[in-house]
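Here the protein sequences come in this chain order: U and D. Quick note on full-length UniProt numbering: the first sequence kicks off at 1 and runs consecutively. Quick note on full-length UniProt numbering: the second sequence kicks off at 1 and runs consecutively.
Rather than coming from a laboratory, the hints here were simulated on the basis of the structure. Yeah, the Cβ is synthetic: ideal placement off N, Cα and C, and Gly gets one too. There's no promise every hint is true.
[Stated by the list, open to error] To list a few chain D residues with every Cβ distance to chain U over 12 Å, as calculated:
#1 VAL42
#2 GLU114
#3 GLY192
#4 VAL411
#5 GLU412
#6 VAL437
#7 PRO493
[Unchecked claim] Not the full set, but computed from the structure, chain U residues with beta-carbon under 10 Å of chain D:
#8 VAL131
#9 GLN274
#10 THR414
#11 VAL416
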Amino acid sequence: MPLSILIWLPVVVGLVAALLPRSIGPRFAALGSLAALGIAIGLIADYDGATAGLQHVTDQMWIKQLGIHYKLGVDGLNVFLIGLTTLGFAAATVAANFREWERPRLFYFHLLLGETAVLGAFMAQDLALFVMFFDLMLIPFYFLTGQWGQGERRVQATTKLVIYTFVGSLLMLAGAVATGVLSASDGQSISFALSDLRERTLGDGTQQWIFLLFAAAFLVKMPAFPLHGWMPDGYRAMPIEVLAVFSGVLSKVGAYGFLRIVLPTFPDASAHFQDLLLIIALASILYGSVMAFSTTNLRLVAGYSSVAQLGFVTLGIFALNDQGAQGAVLQMVNHGLVVIPLFLIIGLLVRRAGSEDLRDMGGLAFRAPVLATLFVIVALATLAMPGSSNFVGEFMILLGVFQSKLVIACIAFTGVAFAAVYMLRAYIRSMHNRVGPNVQSRELSVGDAVVLVPLVAVILFFAVYPQLALHRGEKSVVASIQPAVEVAK
Amino acid sequence: MSALLAAVKGPTIDVGALSPLIALGGGAIVVLLTGLLRPRFVREVVVPLFALVALGAALGLSIWQWDTDKSIISGALRVDTLALALTALFIISAALAVVLSWRALAPRESAHGEYYAMLLVSVGGMSVLVQSQNLVTLFLGFELLSIPLYVLCATEMRRATSLEAGLKYLVIGSVGSATLLYGLALIYGATGKTDFDAIATSLNSVGSMVSDPLFLTGLALALVGLAFKASIAPFHQWTPDVYEGAPTPITAFMATATKAAAFGIIIRFLEVALVPAQLDWAPALAALATITIVVGNVGAIGQTSVKRILAWSGVAQAGYMLAGVVVGTQLGIRAVVFYLAAYLVMNVAAFAVILARARETALGDSLSALEGIGRSRPLLAWPMTIAMLGLAGIPATGGFIGKFFLIDAAVEGDYAWLGIVIVLGSAVSLVYYLRVVAAMWMREAPRSVPVLAGASPEAPPEDAPAGPRAAGWEVYAVAIACAAATVALGIVPTPVFDLARDAASSLGHLF
């Protein structure tokens with residue numbers, strides 16, 4: 001029951017906010033998203049990490065004829081991602097409150113609809129339900145980017161984004177239907193509940209083509225090289241608050257899908273395609289790093305760095321051992337935690353410099369030491385400085401890969417070095433150096449601080465105490481990847 | 001004399017089972033006669049009201065007959081749940097068309113009584129068509145549905161494109177009918193039977209009949225004839241022109257009811273009469289479905305008229321539905337029936353919005369008429385958005401569940417590749433559906449064009465009151481109701497699923 005409330009609360013708040021007067025609607029939306037955050041924190045506090053099974057399960061038959069259940073549950077795989085989602089959306093909603101929007105009520109409705117869809121995707125324990133929420137995520141973000149985005153070509157950029165990701169989703173839909181139908185042997189009724197699917201195994205050949213359909217969907221969403229074609233245009237067009245959650249939260253759904261669905265349900269195919277996925281991950285790390293280093297658009301620096309970071313996550317998942325997978329789960333949460341404030345800070349920098357180009361910035365720290373401090377913490381966490389939680393995550397991932405594929409781990413190390421280069425370059429070029437031509441250096445406003453300081457505090461908290469996520473997740477993560485690990489051995 | 005009459009053995013007529021058809025026929029006569037009365041109020045208000053009453057009565061009688069499953073009139077027609085469920089769909093579609101036609105130009109130009117009577121007759125024809133289990137009634141129903149539609153397409157007599165649409169539909173429809181008739185004649189020639197069950201029996205008993213060239217030619221020609229009506233590529237070329245030219249309420253009716261009728265008879269003809277030859281027709285139909293999905297989706301991309309976009313999208317959607325027929329299972333038919341219901345509400349919502357905008361602006365059905373209405377007419381923009389997202393197959397709409405169901409049926413029927421074709425087709429379709437959505441929400445309204453009489457086919461006359469009311473509240477109501485139904489089908493699909501299951505169970509011999 002608490003899960004249902006958590007899923008549907010945002011969209012209900014969004015609907016009400018859309019009907020309230022203009023002056024109250026946005027505040028109400030912010031309160032609603034904070035309430036969702038509160039429930040999620042309660043969920044984390046209440047979570048029992050000693051067991052691997054699902055908790056707070058809701059299981060009802062929804063569409064009997066198709067075997068679709070309304071089944072939700074939390075375990076170590078998703079409990080922190082749910083926390084991250086509510087945190088990200090609460091930050092975005094509150095941050096948006098400090099800005100003027102055209103037709104604000106619709107804006108908040110779409111934003112909160114997006115939260116419902118993401119939460120649904122994270123909590124769904126039924127394949128068909130997961131596909132539905134996964135597809136539903138696109139709609140609010142299509143509107144958010146197309147209506148409130150920036151740039152002349154934003155409609156084209158959004159359309160491209162939606163088509164790319166929807167092609168992936170639809171392929172996954174075909175794969176999901178095939179999984180449900182083909183795994184039901186004679187006499188069994190069709191069921192899409194993940195627990196049922198795990199027990200009914202598919203043949204090798206079937207697993208492989210279905211695996212590819214799922215992988216396409218998840219890799220597009222991440223985005224991973226070479227399926228990232230929508231990313232540069234899409235990232236340039238999105239409003240910054242929306243981009244923060246898009247990059248910080250939505251991109252995790254793909255990686256999560258591998259852990260929740262692909263590895264447990266198609267273990268043979270996962271082991272079969274392990275090398276392919278590791279190479280894609282490696283390519284993403286190298287490509288993302290090089291691109292982040294060579295672009296001067298600040299949004300794209302962060303965007304390409306996400307490509308690289310999610311490459312690390314993929315690497316950890318397909319190391320197919322416990323360390324790698326645990327590192328991947330931790331890194332998903334970490335990446336979200338740093339990217340959300342990173343984009344919000346980029347938004348502040350861009351407003352001060354009047355341009356997104358790094359070359360037009362510089363000298364911002366002159367009158368904004370607090371902003372500079374926050375930025376340096378975020379930047380150091382992003383580049384996985386030892387002492388930050390990201391360091392632990394990346395370390396575990398690389399440890400995992402070392403055990404399975406030594407060469408790949410060695411090459412992946414270069415990505416870590418690159419990250420230091422491009423993040424420090426972004427920091428120095430924007431905050432220090434000579435003052436840019438149109439830069440108006442000023443300190444954080446109270447509103448911005450209200451959003452940013454708690455986010456940075458969470459980063460620091462996790463840097464000191466990463467075990468919180470690690471220990472609680474351990475059992476579920478290990479249980480989830482076990483079938484694939486067995487096969488890989 | 002009376003002895004002679006007594007010697008003629010007429011078939012027994014089951015009035016109860018025939019009652020929906022009688023209501024439609026009787027209603028057509030009443031409407032036609034009422035339309036002859038002089039007072040304007042009677043012609044413009046009472047006549048459509050009578051048409052609605054007739055449709056309501058037919059719907060009520062269909063529900064009353066729901067659990068019947070019997071052959072009537074010496075086996076010419078079969079009244080079963082499949083036929084009644086589809087009849088209910090035709091009736092709903094026609095009723096929505098009547099509401100949309102209330103203030104339209106078309107009935108005013110063509111005399112109200114005749115307009116509505118033809119609509120009712122066409123519904124009757126559809127009902128006969130989906131009930132027929134005999135080659136002769138099949139053709140009768142086919143023509144009874146078509147001929148009124150040829151006329152209805154051309155009812156806006158002062159608009160050249162309307163006349164052109166009528167003529168085009170007449171010529172191409174006649175070719176389709178002729179092809180169908182030729183095919184039916186050859187099937188009769190090969191099997192010597194006109195009754196569907198008898199054809200199936202003779203196909204079964206004579207083993208070689210399935211590969212008999214005469215029969216196969218007949219099968220191919222009959223399929224071509226039916227494919228014309230269902231706008232299955234490559235027999236779809238008339239669709240965009242006719243949909244664009246016809247008055248919008250009629251287009252809405254044609255797009256939904258005619259498609260349902262065509263699929264109804266394709267199901268009954270293939271899965272009852274020709275089921276022993278399934279190995280011959282299923283691969284051919286699967287190929288046709290693939291071509292249809294590709295052609296429809298690619299054709300829609302470059303269009304600037306929303307009616308044409310919907311016409312091409314209708315071609316693509318026919319391809320999706322064909323997948324349910326190809327597999328020849330209960331599940332396939334259920335999926336088709338469910339999809340037809342979802343397709344009906346999504347399309348009518350879209351056409352209602354087009355109609356409203358055509359009346360409110362001088363831009364007709366062009367995409368630019370929709371620009372910026374997210375701001376100025378949210379009550380129209382939301383239904384159109386829901387309709388487009390539904391047609392594209394986004395979750396929380398009936399379109400998603402329908403596609404899920406169709407893919408389910410395709411995979412279960414060993415046509416998994418057809419499921420993937422559906423999926424890829426839907427991905428392409430997003431290009432043009434999103435263009436419509438983007439026009440509404442992400443573009444500025446075009447600078448106001450003064451409404452000129454005659455500039456837009458369905459623009460109000462100069463003296464009509466301008467403003468949001470100009471389109472008529474009933475058009476808004478239809479759009480909103482259909483959009484609500486689209487969402488309802490996506491969230492609580494179970495009741496319609498049950499209806500579809502009952503409908504498919506009529507063909508009990510299928511797995």
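- Looking back at the hints listed earlier, which ones does the structure fail to meet? Hints 4, 5, 6, 7, 9, 10 and 11 contradicted; others consistent.
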